[in-house]
Amino acid sequence: MSLTRVALAGSTGSIGTQALEVIEAEADRFELSAIGATGRQPEVIIEQARRYRPSVVAISDPEAARSIAAELPGIEVRAGSDAMASLALEADVVVNGVVGFAGLSVTLATLEAGRRLALANKESLIAAGPVVQVARRTPGAELVPVDSEHGAIHQCLRATDNKNRVARLLLTASGGPFRGRTADDLANVTIENALAHPTWSMGPKITIDSSTLMNKGLEVIEAHELFGTPAGDAGYGIGFDEIDVVVHPQSVVHSMVEFTDASTIAQLSTPDMRLPIGYALAWPDRISTPFGRIDWTTLGRLDFEPPDLEAFPCLALAYAAGRAGGTAPAWISAANEVAVEAFLEGQIAWRDIAAVIAATLDRHDGAPATDAAAVIDADSQARRSALEELNSFASVVR
Numbered sequence: 001m002s003l004t005r006v007a008l009a010g011s012t013g014s015i016g017t018q019a020l021e022v023i024e025a026e027a028d029r030f031e032l033s034a035i036g037a038t039g040r041q042p043e044v045i046i047e048q049a050r051r052y053r054p055s056v057v058a059i060s061d062p063e064a065a066r067s068i069a070a071e072l073p074g075i076e077v078r079a080g081s082d083a084m085a086s087l088a089l090e091a092d093v094v095v096n097g098v099v100g101f102a103g104l105s106v107t108l109a110t111l112e113a114g115r116r117l118a119l120a121n122k123e124s125l126i127a128a129g130p131v132v133q134v135a136r137r138t139p140g141a142e143l144v145p146v147d148s149e150h151g152a153i154h155q156c157l158r159a160t161d162n163k164n165r166v167a168r169l170l171l172t173a174s175g176g177p178f179r180g181r182t183a184d185d186l187a188n189v190t191i192e193n194a195l196a197h198p199t200w201s202m203g204p205k206i207t208i209d210s211s212t213l214m215n216k217g218l219e220v221i222e223a224h225e226l227f228g229t230p231a232g233d234a235g236y237g238i239g240f241d242e243i244d245v246v247v248h249p250q251s252v253v254h255s256m257v258e259f260t261d262a263s264t265i266a267q268l269s270t271p272d273m274r275l276p277i278g279y280a281l282a283w284p285d286r287i288s289t290p291f292g293r294i295d296w297t298t299l300g301r302l303d304f305e306p307p308d309l310e311a312f313p314c315l316a317l318a319y320a321a322g323r324a325g326g327t328a329p330a331w332i333s334a335a336n337e338v339a340v341e342a343f344l345e346g347q348i349a350w351r352d353i354a355a356v357i358a359a360t361l362d363r364h365d366g367a368p369a370t371d372a373a374a375v376i377d378a379d380s381q382a383r384r385s386a387l388e389e390l391n392s393f394a395s396v397v398r
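1 is the number of the first residue of the sequence shown in our numbering; add one for each residue after it.
I should point out that these hints are in silico values taken from the structure, not numbers from a laboratory. Here a beta-carbon is modelled for each residue, glycine too, at the ideal position from N, C-alpha and C. Any given hint could turn out to be false.
If you anchor each label on the Cβ, the simulated ranges turn out as follows [what the hints assert, rightly or not]:
{"hint": "1", "residue 1": "Gln41", "residue 2": "Asn391", "range": "29 to 39 Å"}
{"hint": "2", "residue 1": "Arg51", "residue 2": "Thr260", "range": "41 to 51 Å"}
{"hint": "3", "residue 1": "Glu388", "residue 2": "Ala367", "range": "13 to 23 Å"}
{"hint": "4", "residue 1": "Ser263", "residue 2": "Gly114", "range": "30 to 40 Å"}
{"hint": "5", "residue 1": "Asp285", "residue 2": "Glu21", "range": "12 to 22 Å"}
{"hint": "6", "residue 1": "Pro139", "residue 2": "Asp285", "range": "20 to 30 Å"}
{"hint": "7", "residue 1": "Asp82", "residue 2": "Tyr52", "range": "17 to 27 Å"}
{"hint": "8", "residue 1": "Arg384", "residue 2": "Met1", "range": "44 to 54 Å"}
{"hint": "9", "residue 1": "Glu388", "residue 2": "Thr297", "range": "48 to 58 Å"}
{"hint": "10", "residue 1": "Leu299", "residue 2": "Thr264", "range": "11 to 21 Å"}
{"hint": "11", "residue 1": "Arg384", "residue 2": "Thr264", "range": "36 to 46 Å"}
{"hint": "12", "residue 1": "Thr298", "residue 2": "Ala367", "range": "45 to 55 Å"}
{"hint": "13", "residue 1": "Asp161", "residue 2": "Arg384", "range": "38 to 48 Å"}
{"hint": "14", "residue 1": "Arg158", "residue 2": "Arg137", "range": "13 to 23 Å"}
No farther apart than 25 Å at their CA atoms in a straight line, the calculated lysine to any residue pairs in the SDA-like style are these [what the hints assert, rightly or not]:
{"hint": "15", "residue 1": "Lys163", "residue 2": "Gly235"}
{"hint": "16", "residue 1": "Lys205", "residue 2": "Ile376"}
{"hint": "17", "residue 1": "Lys205", "residue 2": "Asp61"}
My request is simple: use the sequences and hints to build the entire structure.
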């Protein structure tokens, strides 16, 4: 059997490093053909390139690319804003582990090249859903979600060939580090508090998103794009009213699908991102390495509860943006990136993240997401608006 060539965009991040572990564990079926990163961690990508010997290394920062190229004789080093997107032509499967809106070019380039996209970059699908849907129709293109929730739904949906029999999608949320806290309890959250996730090991941006439940809100929009009404032949006729969020602190049930006969199918494993990464790489097969195996004799209990929308208003904001459609999802994604960065830099309080996002969304112009240019413009407008809104909030001490 020939090896599946894998390109990894965002190789130095949390998803990227775990994807490398999967590729190494399954060396008899996967070959790393290319890696890419921004260049902010040159020593990491140099070590990765020396260890895995990809044919191509892509670096977004041209200056960093020059110094990295000097350390990697015999490996092609590409530089510039389009460098990571060019990796789509170097592989059978592209893992998009880029953080934030910057991952859009990788998403579109991969699908338009007719390749399989293992998508961990939810922001590109959320912000540019209508544009991505067009690219998904390219002959040969496949989109398999990498995150645990949508990977779980993808697996559960394999239980039926009749799309009319899907009634509801249920996304589980760990609840983050502040589960059970009231809105008043969250007045003095520190950066360290918010970064202390109880069950998952993730990068700082997504960890903060988990603490505010914005991560789950964005995943609701993502689920709608992946499996709902706008996905055309790939969709299941699921609207936002049929996508529910349930808090599940053990993070063992990764998501569920309810069918019209009231049967519910769930996907379970211990919290390990290598499992959904491996699933997306091997689709429609499975890998043989048992990441996420459960010891059923010690599992104990599984708890479920509704989310607290008063303490965590970001979830409701995301539902509202998703229902508004057009470029509203692009606005909320961009505003969230700005607000989270400001919090991590000590400029605003944790609970001001939602306030900045809400104030920014109030300025949304209602423009449609007609093409990539419209989405990029919406992202820019939203970022400018969010930065202006930051001035309304006093700086805080770490």
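Structure versus earlier hints, numbers of those that do not hold, lowest first: none
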